[in-house]
Amino acid sequence: MTQIEALQTTLAAEHAAVFVYGALGARTSQSGQPALYQGVTAAYSLHRARRDELMAQIDAAGADPVAAEPGYALPADLDSATAIRRRALALEKDAAQTYAYLVANATGATRAWAVAALLDAAVRGLGFGGRPERLPGL
Amino acid sequence: MSAPPVPLHRRAVVALGVGLVGLTAAGCDDSDGAGPGQPTQPPVDADSALVNRIAGALLETAATARTIGAAVPALADVGDRLSRLHTRHARELGDTDDPAPSQVNGSRAVLQRRLWRAEQRLQERLVQATLDAESGALAQLLASMAAAVAQHREQLA
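Chains as they are written, first to last, in our numbering: chain A, 605 to 742; chain B, 972 to 1128.
Each hint should be verified, as a subset may be incorrect.
One side of the interface only, derived from the structure: several residues of chain B facing chain A at Cβ under 8 Å [unchecked claim]:
id, residue
1, Ala1017
2, Ser1019
3, Ala1020
4, Ala1028
5, Arg1062
6, Glu1095
7, Leu1127
Derived CB-CB ranges, DEER-like [as the list claims (entries may be wrong)]:
id, chain 1, residue 1, chain 2, residue 2, range
8, B, Arg1059, A, Ala720, 21 to 27 Å
9, A, Gly636, B, Ala1071, 50 to 56 Å
10, B, Arg1085, A, Ala667, 26 to 32 Å
11, B, Ala1071, A, Asp663, 39 to 45 Å
12, A, Ala667, B, Gly1077, 37 to 43 Å
13, B, Arg1059, A, Tyr676, 44 to 50 Å
14, B, Ser1019, A, Gln634, 52 to 58 Å
15, A, Ala630, B, Ser1078, 48 to 54 Å
16, B, Arg1059, A, Leu682, 50 to 56 Å
17, A, Ala646, B, Arg1085, 48 to 54 Å
18, A, Tyr676, B, Glu1105, 20 to 26 Å
19, A, Ala639, B, Gly1077, 46 to 52 Å
20, A, Glu673, B, Gln1091, 48 to 54 Å
Hints are computed from structural coordinates only; laboratory data are not their basis. Predicted, not measured: the structure shown is a model, and the values here were computed from it. Ideal Cβ positions, reconstructed from N, Cα and C, are used throughout, including at glycine.
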């Protein structure tokens, strides 16, 4: 596994996260669930920024960044705050796994970037009802 | 978002960590070998000094948390949770020692600040060790430990 391949895998995961967070945001009421709305919106912005950073890193390395799929499967049950929170937590756990994987397959600045992303995903998941784990991302 | 395949399952990562400090890598299977999809694995002893240093830092911080928890009833639960977390992380690295008892003095506020600082320092050391590790699998394990400390710090804030 080369670092570029690991970055491409991480980018593919971030494409999906951006799509799903967009869908979660569309199903969250800004007035009725302000805290959840803020959390989902902040997560959407962050994952979009990460996606763009990954594309830039891959591009700078001379490779073509993997494109997003036309669409991603969404769970049918997203009509309650609890379901949205649960889905957001699952996204952050997946993100933690993805970045732990990138840590293992990267060096230097890319590894440092992946560690920061892993820590952020682990902590961000707490805001969606997650509990501290012994080894987040593994 | 579906996560990519995790390159090493936890058992294999732990086995690698144990191998790094020269203990028996019991339970280590063929998936530990380098190959497509596997993290980089340098010679076994390339990271042993780093592993020893981090295991020591984990046990030292565990001792601090335990001692402060014992001294301040309001911090007993937190101190116990942190001490157990760090001790288990040290075990992941193959260190089977118990945290050495330590002594603390000061008011609740002083000891609470000391506990927070110790946790912050440990997280920073784990992150730095992640960057210093030659082995990708060890880096992954250390990064995960740092994330666990970050989660606990967030809950304490």
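Status of each hint after checking the structure:
1. Ala1017: Since the shortest Cβ distance to chain A is 13 Å, the answer is violated.
2. Ser1019: Interface hint status for Ser1019(B): violated (19 Å vs cutoff 8 Å).
3. Ala1020: This interface hint is violated because 19 Å lies over the 8 Å limit.
4. Ala1028: The hint is violated - Ala1028(B) has no Cβ within 8 Å of chain A, the shortest such distance being about 17 Å.
5. Arg1062: violated (11 Å)
6. Glu1095: Cβ of Glu1095(B) sits 11 Å from chain A, so the hint is violated.
7. Leu1127: violated (10 Å)
8. Arg1059(B) <-> Ala720(A): 21 to 27 Å: holds (24 Å)
9. Gly636(A) <-> Ala1071(B): 50 to 56 Å: Once the Cβ atoms are compared, 53 Å apart, the range 50 to 56 Å for Ala1071(B) and Gly636(A) holds.
10. Arg1085(B) <-> Ala667(A): 26 to 32 Å: violated (48 Å)
11. Ala1071(B) <-> Asp663(A): 39 to 45 Å: At roughly 51 Å between Cβ atoms, Asp663(A) and Ala1071(B) fall outside 39 to 45 Å, so the hint is violated.
12. Ala667(A) <-> Gly1077(B): 37 to 43 Å: violated (55 Å)
13. Arg1059(B) <-> Tyr676(A): 44 to 50 Å: The hint (44 to 50 Å, Cβ to Cβ) is violated, given that Arg1059(B) and Tyr676(A) are roughly 36 Å apart.
14. Ser1019(B) <-> Gln634(A): 52 to 58 Å: holds (53 Å)
15. Ala630(A) <-> Ser1078(B): 48 to 54 Å: holds (50 Å)
16. Arg1059(B) <-> Leu682(A): 50 to 56 Å: For Arg1059(B) and Leu682(A) the Cβ distance comes to about 36 Å; the hint is violated.
17. Ala646(A) <-> Arg1085(B): 48 to 54 Å: At roughly 32 Å between Cβ atoms, Arg1085(B) and Ala646(A) fall outside 48 to 54 Å, so the hint is violated.
18. Tyr676(A) <-> Glu1105(B): 20 to 26 Å: violated (37 Å)
19. Ala639(A) <-> Gly1077(B): 46 to 52 Å: Given a distance of about 36 Å, which is not inside 46 to 52 Å, the answer is violated.
20. Glu673(A) <-> Gln1091(B): 48 to 54 Å: Because 40 Å falls outside the window, the suggested range is violated.
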